[in-house]
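A.B. asks: With the hints as extra help, turn the sequences into a complete structure.
This is what each chain is made of:
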Amino acid sequence: MSNTVISVENLSKAYRLGQISTGTLSYDLKVWWARVRGKPNPALKIGQADHSNLVGETIWALKDVSFTVEQGEALGIIGRNGAGKSTLLKILSEVTAPTGGEVKIKGRIASLLEVGTGFHPDLTGRENTYLNGAILGMTKTETSRKFDEIVDFSGVEEFIDTPVKRYSSGMYVRLAFAVAAHLDPEILIVDEVLAVGDAQFQKKCLGKMGNVAKEGRTVLFVSHNMIAVQSLCHRAIWLDSGQLSEQGSVSQIVTAYLRSGLSEDDINVRVWPDIASAPGNETVRLHRISVQPEDGKPGDMISIQTPVRIEVEYWNLLPAVHLHATLQFYDDQGILAFTTGAWDDLDHGLLLQPPVGLFRSVCHIPGSLLNNGFYRVDLVLIRINSTGTYLMKDAIGFGIIDNIEGRLAWFDIVPGVIRPLLPWETKYLGDGDS
Amino acid sequence: MTSQNFIDPDDSWTKIIRPKRGLLDLRLRELWRARDLIMLFVRRDFISVYKQTILGPLWYLIQPLLTTIVFTVIFGNIAKLPTDGLPPFLFYMSGTVIWSYFASCLTKTSDTFISNAGLFGKVYFPRLAAPVSILISNLITFAIQFAFFLIFTGYFALRGTVLHPNGWILLTPALVLVMAGLGLGLGIIVSSLTTKYRDLRFLVQFGVQLLMYATPVIYPISAIPQRFQWIILANPMTPIVEVFRYGFLGAGEVNLPALAYSFGFMLVVIFIGIVIFNRVETTFMDTV
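Chains A and B, in that order, are what the protein sequence lines are.
The first sequence begins at 1 in the numbering used here and counts up one residue at a time.
The second sequence begins at 1 in the numbering used here and counts up one residue at a time.
Accuracy of the hints is not assured; some may be wrong.
Said to hold, decoys possible - With a Cα cut of at most 30 Å, we get these calculated DSS-like pairs of lysine-lysine: (1) B/Lys51 with A/Lys30; (2) B/Lys51 with A/Lys140; (3) A/Lys203 with A/Lys214.
To be verified - Here are the in silico distance ranges between beta carbons for each label pair: (4) A/Asp122 with B/Glu30: 52 to 60 Å; (5) A/Lys203 with B/Phe202: 44 to 52 Å; (6) A/Ala34 with B/Ile47: 49 to 57 Å; (7) B/Ile151 with A/Trp32: 52 to 60 Å; (8) B/Ala214 with A/Thr58: 40 to 48 Å; (9) B/Glu30 with A/Lys203: 32 to 40 Å; (10) A/Asp394 with B/Phe202: 22 to 30 Å; (11) A/Leu391 with B/Pro19: 58 to 66 Å; (12) B/Ile144 with A/Glu9: 46 to 54 Å; (13) A/Lys203 with B/Ile151: 53 to 61 Å; (14) A/Ser169 with B/Ile47: 17 to 25 Å; (15) B/Ala214 with A/Trp32: 49 to 57 Å; (16) A/Thr58 with B/Leu267: 34 to 42 Å; (17) B/Tyr155 with A/Ser144: 52 to 60 Å.
Treat the hints as calculated values from the structure; they're not laboratory data.
The C-beta atom is built at its ideal place from N, Cα and C for all residues, glycine as well.
C.D. replies: Okay, here's the thing in structure tokens:
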């Protein structure tokens with residue numbers, strides 16, 4: 001027997017784009033009066049079609065979304081801004097009603113769309129804990145039972161009888177999250193609340209949520225932090241423009257999602273078949289440039305561990321001229337990560353008199369060298385003993401995905417333009433001072 | 001499949017979210033479960049009102065006192081309005097105390113959606129908890145001011161003023177209930193409409209003041225010419241103020257059909273209010 005605790009069927013939500021109604025009663029009455037007399041709607045822009053009471057356009061924040069969540073499952077909900085994630089959570093937590101479809105829920109549900117909802121600045125930490133607990137659905141007795149635990153988790157015990165308006169923003173958020181974390185619902189809905197507090201507290205929060213999931217309760221988690229999603233959730237759904245784009249195992253969905261995000265500037269392969277119109281100058285013309293995994297084809301996924309090859313094909317137009325392909329790698333901040341060139345390429349060097357014709361240079365980038373993110377590559381073809389012969393800016397670009405293999409408990413980004421895997425040794429030197 | 005294994009799937013769900021809710025699906029059970037929340041709202045309102053004030057809860061007394069003094073001076077001494085033979089101070093105080101409960105219930109509940117937009121937009125709890133908590137916290141204010149009024153009444157009686165308190169006093173809880181109902185009903189109608197039309201907020205603010213002048217707060221109903229009395233009597237607050245004053249001070253008019261009218265008016269207003277509120281609360285976040 002299946003243990004479905006949330007069943008979402010054909011859920012849709014429409015919002016009116018632009019102004020909702022016209023804002024004032026007098027104006028709406030004017031519109032209504034015009035309609036009664038059979039006159040055109042005076043609120044419409046000229047040329048706009050008259051749709052009864054609809055001013056502006058309708059946008060479907062969610063359209064026919066269906067999925068189910070099993071008991072004890074941790075489901076990640078991912079998607080770009082405006083994909084409908086927040087709308088979905090709002091409907092699930094009954095903040096707003098859907099336009100169509102149905103949601104069935106089994107069990108007590110608690111949603112954290114924000115921490116500290118309903119905190120009153122003039123009340124003390126203690127008073128706010130009770131108030132916030134009640135707003136989130138706890139009875140007074142439940143809050144009392146958990147009070148010490150909450151205060152302990154938040155780390156603000158000294159200030160618990162101080163009005164929260166005297167709190168630092170960090171203390172405020174910690175107390176707020178602590179209340180929320182001790183809700184003990186059967187289903188927990190969390191939206192991006194992890195974007196608060198310092199790194200240490202974030203880690204604590206994620207740990208707490210991980211425990212909730214492990215205790216067999218159901219968690220729905222929305223975040224832009226793919227690392228956090230992957231470490232907390234087993235399954236994920238991907239919303240795209242209000243529709244369910246894909247659902248499946250978390251690694252599969254996150255990978256697909258990340259790749260789609262990179263593909264906008266992703267130029268894996270470029271070919272110029274005609275030598276006359278190919279970019280270049282009187283010395284050299286480009287024929288082809290591509291980036292791919294060593295054992296794949298252009299467009300295949302590249303993760304941190306994947307060894308990558310970049311192939312450059314060019315026509316050498318002048319006889320007896322040595323050309324070196326050189327690549328410059330920029331990260332997505334525009335920082336030059338490194339430059340590499342075919343400078344000590346023996347095969348090429350042995351040709352003392354390189355003939356006119358097509359050449360191919362291949363650059364091999366080992367796995368576990370680059371960081372995750374997007375890299376742009378400039379191509380420079382350098383004539384020997386000369387400065388840049390031909391420079392092509394942004395010749396190629398590729399994204400690298402962090403699939404969190406080999407991560408321990410670090411959910412944040414790993415800073416740096418590159419992220420080489422270097423040999424390390426750690427030894428135990430005995431206890432004590434020596 | 002055997003019949004034993006068959007479970008009606010709709011039965012096992014604790015909650016079903018659909019686009020529209022039944023008109024009278026009030027979720028009163030949910031509201032009852034949220035009683036802790038209601039009491040915490042009341043506590044919050046009560047505490048936060050006098051935090052960082054010098055006089056603190058004394059303001060609950062200063063307010064009706066000053067109003068009464070101003071009314072006594074202006075309407076009693078300057079305009080010389082009749083007071084049915086009662087001491088002007090007690091006459092105005094009885095009117096002010098009972099009127100202000102209704103007025104504050106109405107003005108504060110009419111702001112429910114706007115002032116709680118941040119809260120309602122982030123978390124679900126029975127929305128009626130907010131206006132209901134306002135009724136209760138106003139009830140505390142009323143109780144304090146009512147006690148204050150009783151003290152003054154006792155003082156005047158000791159000084160030898162002839163007052164005729166009578167059995168109508170026993171109706172006071174019912175009067176308060178009807179006022180709470182009227183305030184809640186009208187308040188939530190207005191608050192449901194203000195999610196779309198902000199104009200109504202301004203209307204309520206001075207509308208309540210104007211309504212006071214159409215209620216026998218500063219004049220007795222006997223001072224109104226017979227042919228205009230129906231206007232005053234159409235106001236459902238009129239019988240309440242009159243009965244209250246008659247019960248404690250023994251002057252005024254008691255009219256049972258009028259009281260029944262107030263009660264009926266309240267039921268209708270509550271019904272309309274809750275139906276509208278119910279419709280608006282599900283989607284008000286999209287328009288507020």
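A.B. asks: If a hint holds in the structure, say so; if it doesn't, say that too.
C.D. replies: Evaluation of the provided hints:
Between B/Lys51 and A/Lys30, the direct Cα distance comes to roughly 46 Å. Violation of the 30 Å bound is thereby established for this hinted pair. Proximity of B/Lys51 to A/Lys140 is assessed by CA-CA distance (about 23 Å); at most 30 Å being required, the pair is judged to hold. Our distance criterion of 30 Å between C-alpha atoms is met by A/Lys203 and A/Lys214, whose separation comes to about 16 Å. Roughly 28 Å separates the CB atoms of A/Asp122 and B/Glu30, a value that falls outside the hinted 52 to 60 Å.
The hinted range of 44 to 52 Å is satisfied by A/Lys203 and B/Phe202, whose Cβ atoms lie roughly 50 Å apart. Remark: the range hint 49 to 57 Å for A/Ala34 to B/Ile47 is upheld by a beta-carbon distance near 50 Å. Checking the proposed 52 to 60 Å range against B/Ile151 and A/Trp32 shows it holds: the Cβ atoms sit about 53 Å from each other. Separation of B/Ala214 from A/Thr58 is about 44 Å and conforms to the stated range, judged on CB atoms against 40 to 48 Å.
For the pair B/Glu30 and A/Lys203, the beta carbons lie near 36 Å from each other, so the given range of 32 to 40 Å is met. Under the hint 22 to 30 Å, the C-beta atoms of A/Asp394 and B/Phe202, about 58 Å apart, miss the expected range. Range check, A/Leu391 to B/Pro19: about 59 Å between beta-carbon atoms, so the 58 to 66 Å window is met. Under the hint 46 to 54 Å, the C-beta atoms of B/Ile144 and A/Glu9, about 53 Å apart, fit the expected range.
In this structure the supplied range 53 to 61 Å holds for A/Lys203 paired with B/Ile151, their Cβ-Cβ distance being about 60 Å. Here the CB-CB span from A/Ser169 to B/Ile47 is close to 23 Å, well matched to the stated 17 to 25 Å. The hint said 49 to 57 Å for the Cβ distance between B/Ala214 and A/Trp32, and at roughly 29 Å that hint is violated. Between A/Thr58 and B/Leu267 the C-beta distance comes to about 39 Å, which sits within the given range of 34 to 42 Å.
Between B/Tyr155 and A/Ser144 the CB atoms are about 44 Å apart, so this pair departs from the stated range of 52 to 60 Å.
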